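Participant: Take a look at the letters that make up each chain.
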Amino acid sequence: MVDLTVDLNGLKLKNPVMTASGTFGYGTEYIDFFDISRLGGIVVKGTTLNHREGNPYPRMAETPHGMLNAVGLQNKGIDYFISDIYPEIKDYDTNMLINVSGSTVEEYEEVARKVNELEKIPGIELNISCPNVKEGGMAFGTSCPSAVSVVNAVRKIYKKHLMVKLSPNITNVTEIAHAVEGEGADSVSLINTLLGMAVDADSRRPLLSTVTGGLSGPAVKPVALRMVWQVSQVVKIPVVGLGGIMTATDAVEFMLAGAAAVQIGTANFIDPLVSLKVIDGIEAYCTKHGFSSASELTGAMISE
Amino acid sequence: MKKYIDDFTVVQNRRLNDEYVILTLKLDRELPEILPGQFAEVKVESGVNTLLRRPISIHDVDEKSREIKLLVQEIGEGTRLMGALQEGDTLNLVYPLGNSFSKPQTKEVLLVGGGCGVAPLLYLGRKLKEAGITPRFLLGARSSDGLIALDEYEKVGEVNVTTEDGSVGTKGFVIHHPLMRTDSPVYDHIYTCGPDAMMRVVAKYAGNHNIKCEVSLENHMACGIGVCLCCVTDTVDGHKCTCTDGPVFDSTYLKW
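As you go down the protein sequences, you meet chains R and E in turn.
Residues in the first sequence are numbered from 67 upward in steps of one, following the working numbering.
Residues in the second sequence are numbered from 615 upward in steps of one, following the working numbering.
I should point out that these hints are in silico values taken from the structure, not numbers from a laboratory.
Quick caveat, the model's predicted, so the values are computed rather than measured.
Even glycine gets a Cβ: it sits at the ideal position worked out from N, Cα and C.
You may find that some hints are simply not true.
[What the hints assert, rightly or not] Pairs of lysine-lysine residues, derived as DSS-like cross-links and limited to a Cα-Cα distance of at most 25 Å, are as follows:
{"hint": "1", "chain 1": "E", "residue 1": "K617", "chain 2": "R", "residue 2": "K156"}
{"hint": "2", "chain 1": "E", "residue 1": "K869", "chain 2": "R", "residue 2": "K343"}
{"hint": "3", "chain 1": "E", "residue 1": "K785", "chain 2": "R", "residue 2": "K343"}
{"hint": "4", "chain 1": "E", "residue 1": "K640", "chain 2": "E", "residue 2": "K616"}
{"hint": "5", "chain 1": "E", "residue 1": "K869", "chain 2": "R", "residue 2": "K142"}
{"hint": "6", "chain 1": "R", "residue 1": "K343", "chain 2": "E", "residue 2": "K617"}
{"hint": "7", "chain 1": "R", "residue 1": "K156", "chain 2": "E", "residue 2": "K869"}
[Stated by the list, open to error] Calculated Cβ distances over 10 Å to all of chain R for the following chain E residues:
{"hint": "8", "residue": "D621"}
{"hint": "9", "residue": "V624"}
{"hint": "10", "residue": "D632"}
{"hint": "11", "residue": "L645"}
{"hint": "12", "residue": "N663"}
{"hint": "13", "residue": "L666"}
{"hint": "14", "residue": "L705"}
{"hint": "15", "residue": "Q719"}
{"hint": "16", "residue": "K721"}
{"hint": "17", "residue": "A763"}
{"hint": "18", "residue": "E766"}
{"hint": "19", "residue": "E768"}
{"hint": "20", "residue": "V773"}
{"hint": "21", "residue": "K785"}
{"hint": "22", "residue": "N833"}
{"hint": "23", "residue": "D848"}
[To be verified] Here are some chain E residues pointing at chain R (derived, C-beta under 8 Å):
{"hint": "24", "residue": "P718"}
{"hint": "25", "residue": "P799"}
{"hint": "26", "residue": "I839"}
{"hint": "27", "residue": "C842"}
{"hint": "28", "residue": "V850"}
Using the sequences and the hints, build the whole thing.
Facilitator: Given below as structure tokens:
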């Protein structure tokens, strides 16, 4: 019997598999397919203080082994979440984290204050890395002083698990990781999408309304793996790895490189059952390779 | 409505011309209820450019034989892979997705389709016929080659056609057909699916004559189940997902 449980700095997961923000809705969209309480956690859709309409259409383009999106944090705002979504999801037996985004430090604070009151929400994933909004978002996550300011402000208000989602669109990801750890982050998750673009040669037009967007899917996996490995070398807090995970083997690779847990994103669009397959596959891997617990995989890459 | 993920077996790949095929897919158990206007997210073989599922509307359903049909226009790598499927192959579907065409409050209906957009109208027509309403189809294409599987529509209702080159039926677009040139139309509910430009003029005509008009939209999608928020369309209530709030919308709800 393999012990699949993971302890993310106090946040207890029944297994290392979470679903990534923006790819799994509020979880309820998937209950026709499987029992979502089997998941280690669900990071619900990016939520802001106020309602956001998001970017104009087209917002998506398929690219080699991946996809670009430019949704732009469309959501109905934290008050709608609290009144209409929270009652629906709060009793699922899994960790429902809210991905929180904002345009100003004050907005992040305001949302964090409200989420802090939600008894059944054990944590926030602080999104300082969305590439698809004009102001705020990624801007906070691409320089150390601004990342520090927002994490510092939210940490003072938010008492439960604070996971900070890092941007790959940066020269040295370890500096930011180190900085947010210093401000009291309980864990970091990475990577958010890579800034990219696509052009239609026939029409001579960009494929996204915003020209640039966030790249995800298997195409980004080597970059994500590298960054997870680099960050796990320099921080003591747990690292949650994501970026192009399609199979249990991909997930195991992230853990070997240093991730304590993983998130599944784009793969949910292709196979709604993928997370279950990854959970089962991690267990099978542990059995086959003689690991008695999934947490032993973290950083177990042989590098000499 | 409950969504399913199932493996279907390809029992027929009927090639209509060099651009269109009709796939007949069989399930090894009873089909769930599928409503006219709904679609499936189809998993094609993964390749460099075929990571995501393809949204394809349900062309027809035969509950008794546990078969559904998909009309596929080969427009890219994913749909070409579907066109190359052979009898006995397996195809994985997430279905049935989206809302559906509404039940009419009248017996006089017009179903207007263009290009591949004719696909969902066959199943809609069949359901209308079962409800005692004879569907009146108006199907448009560039030329006779683009008029797809007319025999199937003729079995269900009255078929009228237009072609841009005049090779069959009325010359011009659907809006040029006598059914839509009159100021006193005999129908009071239009269902339409096809190119945006076509649906817009059909919706405008409907608006001018106080006719209820439902349009079925096509959009680039990733998930098909309302989580990625990629396939939005502009409505009077802001951005709505084509995959879950649609694909069928009342034309007056859209910001056209």
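Participant: Which numbered hints does this structure break?
Facilitator: 2, 3, 7, 12, 13, 22, 23, 24, 25, 28
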